[in-house]
Amino acid sequence: MTAAIAAEGLRKRYGDVQAVDGVDLEVKSGEFFGVLGPNGAGKTTTLEILEGLRKPDEGSARVLGLSPWPRNSALLPRIGVQLQASAFFERLTAREQIVTFGSLYGVGAARADAMLARVGLADSAGTAAEKLSGGQGQRLAIACALVHDPELLFLDEPTTGLDPQARRNLWDLLREINAEGRTVVLTTHYLDEAEILCDRVAVMDHGRILKTDPPATLVRELDAPTRLTVESGRLTADRARELLAGSGTRADVADDGVTLTIATRTPAPVLALLAEQDALRGLEVRGATLEDVFLQLTGREYRA
Amino acid sequence: MTAFRSLARAQLLGWSRDRAAVFFTVLFPLLFLLLFGSLFKGASAPHITLLQNGPVVLFDSMTPDQRAQLNEEVTLVRDDDQADALEKVRNGDDDGLVSQGPDGRLVLRYSVADATRAATVQGVVNGIVQQANQDASHAPPTYVLQASQVEDLSTKPIQYLTPGLLGWAIATSGTFTAALTLVVWRKKFILRRLRLAPVRLPAVVAAPVAVTLLVALLQTAVFLGVATLPYYGLKLTGQWWIALPLVLSGSLAFMSIGLLVGSWAKTEQTATAAAQLIVLPMAFLSGSFFPLDSAPGWLKTISTVLPLHHLSTAMQNVLTRGGGWGDALPTIGGLLLFTAVLTLLAVRLFRWDDA
Ligand SMILES: Nc1ncnc2c1ncn2[C@@H]1O[C@H](COP(=O)(O)OP(=O)(O)OP(=O)(O)O)[C@@H](O)[C@H]1O
Ligand SMILES: [Mg+2]
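Those protein sequence lines, which keep their order, are chains A and B. Residue numbering for the first sequence follows our numbering, starting at 1 and increasing by one per position. Residue numbering for the second sequence follows our numbering, starting at 1001 and increasing by one per position.
Just so you know, the hints here were simulated from the structure itself, not pulled from any lab data. Among the hints, a few may not be true.
[Unchecked claim] Among the chain A residues that face chain B by a calculated CB cut under 8 Å, a handful are:
| no. | residue |
| --- | --- |
| 1 | Pro77 |
| 2 | Glu96 |
| 3 | Tyr105 |
[Claimed, not checked] According to the in silico footprint, chain B covers these stretches of chain A (three or more CB under 8 Å from chain B):
| no. | stretch |
| --- | --- |
| 4 | 85-94 |
| 5 | 97-104 |
| 6 | 187-198 |
Glycine is no exception: its CB is placed at the ideal position from the N, C-alpha and C atoms.
Chain A extracted, bound-state conformation:
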């Protein structure tokens, strides 16, 4: 099966800023691919190069086997794009927007209406795009990107600014779209989103891809300690250290006055010890997450 996207050595510079600095990327057909990275990492710029909006200074990209630059009218109908900043005609209603975009691709109004209903905007069809809420606007942008039934969908931070409920609804929609066999490339700041949706995730920073793997693999390979937390008070940090040292268990202990946190690679004996001390109140066990991967790869605390 041919790759949906194959890019090698992409570089793009804006004045002094090296926005994209040698990106290699391969996205398989039908894959749900995530690009994760902090603000300014170069996610949008990378997508723009793949969509054919920008010419890379260096490197080459093939999208669905075609070159996106210069503007390639054989490729355009096969890809759908939701831009980070939504682009709507002024003073047109939601329905008029999607009908207009649809007709640019030769798609009739019936399909446009169906798409509007599918993203849950049927009730807002007559609302001017300027008056839609942030989340409704995002959904309209996605509907406009999907109206012509593209094989490959680019979504730049589709869930930014959505409430948790709307975010979940959108996740369901995106999963359905992917299940229909469409390739989806999505950028996000939300690690949970990447973890839940993506088959593979590329972690990006300073214009480079630091690592590309399935989320589970990224987490597993991190080999990070398990963190056990309980309520403070039952057991002091010093006493815990003493007991753990006595049993020969390696662990880091910290107490911030609210919770006692024990980080260890061998959680079983620690749990037994906490049980023995009757200090299990409020117990939580947390394995490593993408957040830890992010921290380790970028050296930065994650800020959503």
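Position chain B with the ligands relative to chain A; hints supplied.
Chain B with the ligands only, in chain A's frame:
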């Protein structure tokens, strides 16, 4: 074609819902026409009211024909209360008071408060007296003066104001629509979004152009419709409809100015200011609001290089002076050439994106 149609539809819908745009492109210039049209109505030849005090043989012996002719210039009112009549002339209600003395001498009393009227009333009465003397002598006149106005007789202000203000209206809407559409579409990423769709650039450009041309025709229809109302009294001459191709080519020319402005300007504010800085002075210098007949020579020289001046003049020729294709074609050609040059320049400056 469907792409062009749906983009044009989107543009037209957006335009018609933009109250400010509709106001400034159609209603605002129309208000100017209504206002100026009323202000200058009949200003070229003030109509005189003359009071007659007591019997005046000259007037009383007129044939109905002579009286009708007199009525074209003067309204003659009989008022035998001399004090009252004098007062009316003094405070400007009426323009002159004529009475006949016992020796047959005609006495005309008038006020100089309004110099034009004072001169007119003297001229009129003097003319009547001369004519009567002439008739009484039963000899052909030795010298005859035939005076005629240089702006042919049809030049009432409305004949001049309509093409002038219409030209200004078309210039405004063409320049602003093109400049703002370009800037807004770029700023709101609509250009970028369109670039991602399989539409050809000509369709993207043609849609707003077509809508602006449509608006220009609408402006023309409204203007001519209002100006030809009996109250304003515009009289269209023979091939007035040649104004339509003039309007279209003028609209294109000003859109090309707008395109240039929009390609260069980054924000709506800059675009609006730049467009206004170009159009408003051009309107004044082109004589859209006031005739340039009495303007200094250098100003007339400037006006000859302004597209709006040529547009208004050609429109005036075909609308009200019986002009034909001969008057319109050179202007249409010039405007289209102007459009081509500026559009080429704009294409060179064109940016899909801000960066
Ligand atoms: N049009 C532009 N002109 C100049 N610099 C730009 C432009 N677009 C992006 N940059 C710079 O390039 C870098 C990468 O930007 P990019 O938008 O690709 O980041 P991003 O990962 O999408 O960030 P975010 O998460 O905030 O959307 C940033 O430093 C940004 O300032
Ligand atoms: Mg971005």
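Okay, the hints, checked on the actual structure:
Annotation: A:Pro77 was flagged as interfacial toward chain B, and the flag holds, the nearest CB pair being 5 Å apart, inside 8 Å. Evaluation of the A:Glu96 hint against chain B yields a held restraint, the C-beta minimum of about 6 Å falling below 8 Å. Interface restraint check for A:Tyr105: the shortest CB-CB distance to chain B comes to about 6 Å, inside 8 Å, so the restraint holds. Counting residues of the stretch 85-94 of chain A whose beta-carbon sits less than 8 Å from any beta-carbon of chain B gives 8, enough to reach three: the coverage restraint holds.
For a cut-off of 8 Å, the count of residues in the stretch 97-104 of chain A with a CB near a CB of chain B stands at 5, and the three-residue condition holds. Look at the stretch 187-198 of chain A against chain B: 0 of its residues bring a Cβ nearer than 8 Å to a Cβ of that chain, fewer than three, so the hint is violated.
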